[in-house]
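S.K.: Could you put the whole structure together from the sequences, leaning on the hints where they help?
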Amino acid sequence: MTGITVLASEGDTWSPPSLAEFFPPAILFEGTPFEMNRINLIGLFMTGLLSLFFVLAFRNPRLVPRGIQNVGEVAVDFVRTFIVDEILGVQGRKYTAYLTTLFFMILAFNITGIIPALNMPVTAKIGYPVFLAITSYVVFNWAGIKAQGLGGYLKSNLFIPGVPKVMYLLLTPIEALSTFVLRPVTLSLRLMVNMLAGHLMLVLFYSAAWYFVFFPNSVLQPLLGIGVYGAGLAFTLFEMLIVVIQAYIFTLLTAVYISGATAEHH
Amino acid sequence: MDPVNLAEVTGSVAAIGYGLAAIGPGIGIGIVVGKAIEGIARQPEMTGVLRTNMFLGIAFTEALALIGVGLGFVWQG
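One line per chain: the protein sequences are D and Z, in this order. In terms of the numbering used here, the first sequence is residues 1 to 266. In terms of the numbering used here, the second sequence is residues 1 to 77.
Calculated from the structure, these hints are not laboratory results. Incorrect hints may appear among the rest.
As the list claims (entries may be wrong) - Selected chain Z positions facing chain D (Cβ under 8 angstroms, derived; list incomplete):
#1 P44
#2 T47
#3 G48
#4 L50
#5 G57
#6 A63
#7 L66
#8 W75
Said to hold, decoys possible - Reference listing, derived: stretches of chain D covered by chain Z, where coverage requires no fewer than 3 residues with Cβ under 8 angstroms from a Cβ of chain Z:
#9 134-143
#10 182-190
#11 193-202
Source: prediction; values computed, not measured. Where a beta carbon is used, it is the ideal one built from N, C-alpha and C, also for glycine.
M.R.: Written out as structure tokens, the structure reads:
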């Protein structure tokens, strides 16, 4: 939507969407460290909505669920069946609370990208994925240290068993880099770039359709615009899939990291 | 003496770079998903494990293409 308003003010010159999309003007507390723009407000709004949903669902839980508790139980059960039990097993069920929160937090932040009038995935701002990745980093390191002790955890992660001693000169730095540096980095970048690319794609389709229909250079361009609009709708459906898959992958990878950290050998 | 331009690329080089960056992950994801489907067809009872591992493989492979998207914005030109 912001892309379209930018176009409207520029008249009939068309410019492709740029990174400026993700830095809208501040709305509240301008000039202070607590400056907020509409993306932050969407984030706050979705956090409130998510908290409200889970509070309402599990406010007074009954043995035989009714109403909104059904929806809440399906939600928690999805994460427990498809992520926790699949990766961590029954003994990993204590992580269900964290992983469920993570999954639905990311889902709520992603899905704003395809909700009309919000039109911006909050996770396309790097701060949100970085924070979520840092909490995952703390959780899986804490789980590993608790399960094996600090020494045992470092030993099982940095020194792969069954290779010649000389190889540790080469392998240990690589393992250290990939486990303790690249994991949180790729975790956050994967989510952020996916959402950023998806948003730019949608803006590109819809703004191009708008331009072709209302500022045509030839007779055929409005028809082309309608075609591009259809492609935009198709990509919105595709984004719907991406939104869920990215939340799933982020949570799944966190579960895999936890299980790798708690297992003796990996 | 003016250097002679025999061939010149105009427009966004970043777009070409992204096109190149998409080749490898495209092939990679194709192999990952293809093998997973092959496994599911052979052993439908393993579907759950295979699907989970398929998504993990996709996530790791896809990271390269996403770095391509990101770098295209870092070095625009």
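S.K.: A separate judgement is required for each hint: does it hold in the structure or not?
M.R.: Hint check:
1. P44: violated (17 angstroms)
2. T47: violated (11 angstroms)
3. G48: holds (6 angstroms)
4. L50: Where the cut-off is 8 angstroms and the nearest Cβ of chain D is about 11 angstroms from Z:L50, the hint is violated.
5. G57: Violated: closest Cβ of chain D sits about 11 angstroms from Z:G57, beyond 8 angstroms.
6. A63: holds (5 angstroms)
7. L66: OK, holds: Z:L66 within 8 angstroms of chain D, min 4 angstroms.
8. W75: Violated: closest Cβ of chain D sits about 13 angstroms from Z:W75, beyond 8 angstroms.
9. 134-143: violated (count 0)
10. 182-190: holds (count 3)
11. 193-202: holds (count 4)
Violated hints, listed in ascending order, are 1, 2, 4, 5, 8, 9; each of the other numbered hints is respected by the structure.
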